[in-house]
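Asker: With these hints in hand, go ahead and build the complete structure from the sequences.
Chains A and B, in that order, give the protein sequences. For what it's worth, the numbering used here labels the leading residue of the first sequence as 1, then goes sequentially. For what it's worth, the numbering used here labels the leading residue of the second sequence as 1, then goes sequentially.
Heads up, some of the hints might be wrong.
Copies of the same chain are indistinguishable here, so a pair counts whether it falls within one copy or spans any two.
Listed next, the in silico BS3-like pairs over lysine-lysine satisfying Cα-Cα at most 27 Å (straight line) [claimed, not checked]:
| hint | residue 1 | residue 2 |
| --- | --- | --- |
| 1 | K151 | K36 |
| 2 | K161 | K41 |
| 3 | K161 | K71 |
| 4 | K180 | K161 |
| 5 | K57 | K161 |
| 6 | K34 | K151 |
Hints listed in this document are in silico derivations from the structure and should not be mistaken for laboratory results.
2 protein chains.
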Amino acid sequence: MPVEVLDHQLKEYYTLALEVAEKAGEVIRDAFNKEKMIDTKSCAADLVTVTDQAVEKLVFSLIREKYPTHKFIGEETTAETGEKLELTDHPTWIIDPIDGTTNFVHRIPEVCFSLGVTVNKEVVLGVVYLPILNQMYTSQRGQGAFLNGEKLTASGQTDLKQAVVICEGGSSRDADIVEKKIANIHRLVSASHGIRSYGSAAANLCRVAQGAGDAYVEYGIHIWDFIAGMLIAREAGAVIMDPSGSAIDLMGRRVLAASTQSLASQISSVLTHIDMGRD
Amino acid sequence: MPVEVLDHQLKEYYTLALEVAEKAGEVIRDAFNKEKMIDTKSCAADLVTVTDQAVEKLVFSLIREKYPTHKFIGEETTAETGEKLELTDHPTWIIDPIDGTTNFVHRIPEVCFSLGVTVNKEVVLGVVYLPILNQMYTSQRGQGAFLNGEKLTASGQTDLKQAVVICEGGSSRDADIVEKKIANIHRLVSASHGIRSYGSAAANLCRVAQGAGDAYVEYGIHIWDFIAGMLIAREAGAVIMDPSGSAIDLMGRRVLAASTQSLASQISSVLTHIDMGRD
Chain A
1 MPVEVLDHQL KEYYTLALEV AEKAGEVIRD AFNKEKMIDT KSCAADLVTV
51 TDQAVEKLVF SLIREKYPTH KFIGEETTAE TGEKLELTDH PTWIIDPIDG
101 TTNFVHRIPE VCFSLGVTVN KEVVLGVVYL PILNQMYTSQ RGQGAFLNGE
151 KLTASGQTDL KQAVVICEGG SSRDADIVEK KIANIHRLVS ASHGIRSYGS
201 AAANLCRVAQ GAGDAYVEYG IHIWDFIAGM LIAREAGAVI MDPSGSAIDL
251 MGRRVLAAST QSLASQISSV LTHIDMGRD
Chain B
1 MPVEVLDHQL KEYYTLALEV AEKAGEVIRD AFNKEKMIDT KSCAADLVTV
51 TDQAVEKLVF SLIREKYPTH KFIGEETTAE TGEKLELTDH PTWIIDPIDG
101 TTNFVHRIPE VCFSLGVTVN KEVVLGVVYL PILNQMYTSQ RGQGAFLNGE
151 KLTASGQTDL KQAVVICEGG SSRDADIVEK KIANIHRLVS ASHGIRSYGS
201 AAANLCRVAQ GAGDAYVEYG IHIWDFIAGM LIAREAGAVI MDPSGSAIDL
251 MGRRVLAAST QSLASQISSV LTHIDMGRD
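Answerer: Right under this line is the structure:
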C-alpha cells in the first residue's frame, strides 16, 4: 500500500534537506584545500576519502534524529556494508556525500553534496550543493528547479548536430567497459557541437537544468549520483530516461537527460547501451 | 636584432592588458544571455558570433590608439583576412576575443577573453578573463601567476596513474582527426584517474595553473588560444612543451601542459602526436 505524505510534511523534509546540505557543505569546504587520505574502492580510479564517510555519517545522524523511522541509502554506507540496495515505498533519504570525489581529491571545484528523497519510489525533492562554488540547486516535485533561488530552464535544443553533450570516461578501468564508453564518446563528438566532462553526475545534471549544455548521458552510476540532479533537470524542463529510450530505472545504473524528447531520442539512437548491472 | 623593451614599458603593457580585458569582459557578459547570431568557419562545429568579432575590433582599436606601431594577431582578423600568420620580434598583442565560443553559444560559463603579448617571439604577459565567473587570471614573465590576485601553484603531481588530464574532442569533424583524438582520450582515460573537458584551451591552462587538474593536452589549437594561458600555467610551476616532448612551437598548433616534467613525459609517451599543420 502506498505511503501517504502530506504537503506540510514534504515542506519539512525540504527545510531539513537544505539545512543538512549547508552543514555538509561546510565540512566539504573545510577539507577541500587540505591534504587528503585517499582510499580506493572497486579499482584504482574509484576513490573515497574520510570526508565522504564523515559527511554521510553526519547527515544521516541529523536526519535520523528527526525521522527515526525513515529509510536511508548512502554511497559510503552501501560500500561499507555491501548490502543489496532496496528501494521501498517508505520515505527514503538518498545521499551522495561527495559526488565528484576525484574532483575533490584533485581540488577541482565541481564537488557536490547530493540529497534526494523518494516516497513510493518516486523522487519528491532533490538538492545538489556545490560548496566550493557556492551553488545551491534545489527542486521539489511540481515546483520547478532553482539555482540559489533563480528559476532554471533547460536549453530547449532539439537537434543533436547543434547540441553540446556532457559525458564521462567514468571510474571503471575494465578494458571492455572503457572501450564501449570511448566508442560512445566518439559517436557523440562526431554527431554534435562537442562534448564536455565535469566529473560529477550531479553537477552534470544541474548543468543540463540550467541550459549550460543540452544533454548528459552516463552508464555505471548509482541512484545516489543522479536522484537529486534528475529531479532538478526534470523540473527545469529536461527529459529523463534510460539511455535505451525506456523509462528510467532508479536501480538501473544509467541515465540520459536531454533538453527535449527529440534530442534524447537522437542521442539514444547513436549510443551502444552498456549494461553495468542493476543495484 | 632583438627589440629592447624596458621594465616600465612592460608594466604599462600589463596595465593596458587588464583594462582591455575588463572592457572585453563587459561586452561578453552583456551578450551571454541574449540570442546569438551564429556563423560557422572551417566546419559545422567551428563557431563564430558577432560578439567574437566586436570584441576583437574593440580591443585592437584600444591598444592601437596607445601603441600604433605594435603588431597584432587576432583569431577573427586572421579568419577574415586569411593572411599567413607571422610572429616577429616586435611587441605583438595576441588575442582570442572569446576562447570557448561553443560554450558562449551554449551559455556554458567557461568563456574566456585571452590576451598575450610577445616580445622577441617570447611571451612576456598573459591575461585570461572569464567574465561570467568573474575570474581574472594574470601573469607577467618571472613574476608568478594569479587568480583575482591570489597566487597560483600547479599540483606537483608526478604520476600519470594518479593524475586528472584535461583533453578535448575539439572542433574538427574530419573523421581521421576525430579518430586519432578519441584514441588519445582512450589511452588517457585508461592510464589516469580520469579526464575532464571544459571546452576552452585558455580555461584549461588556467585550471592546470591552479592545480585543479594536473595536465592538459590538445592538438589543433592556435597561438591565440594558448599563448596567455601557457604563461599563466608556466608561471604557476607547470611544464609547457610540444606534446611530442620537444620545445613548444608557438605556431605548431599543439600544446602539452603538465604539473611536472615527469608527468609531461608520461603523457607524451602514451599519445599519438597529431600533425594539424603549422600556422
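Asker: Next step is simple, just say for each hint if it's right about the structure.
Answerer: These are the hints, each one checked on the structure:
no., hint, in the structure
1, K151 - K36, "between (36 Å within a copy, 22 Å between copies)"
2, K161 - K41, "between (38 Å within a copy, 15 Å between copies)"
3, K161 - K71, "neither (43 Å within a copy, 38 Å between copies)"
4, K180 - K161, "both (22 Å within a copy, 21 Å between copies)"
5, K57 - K161, "neither (44 Å within a copy, 30 Å between copies)"
6, K34 - K151, "between (34 Å within a copy, 17 Å between copies)"
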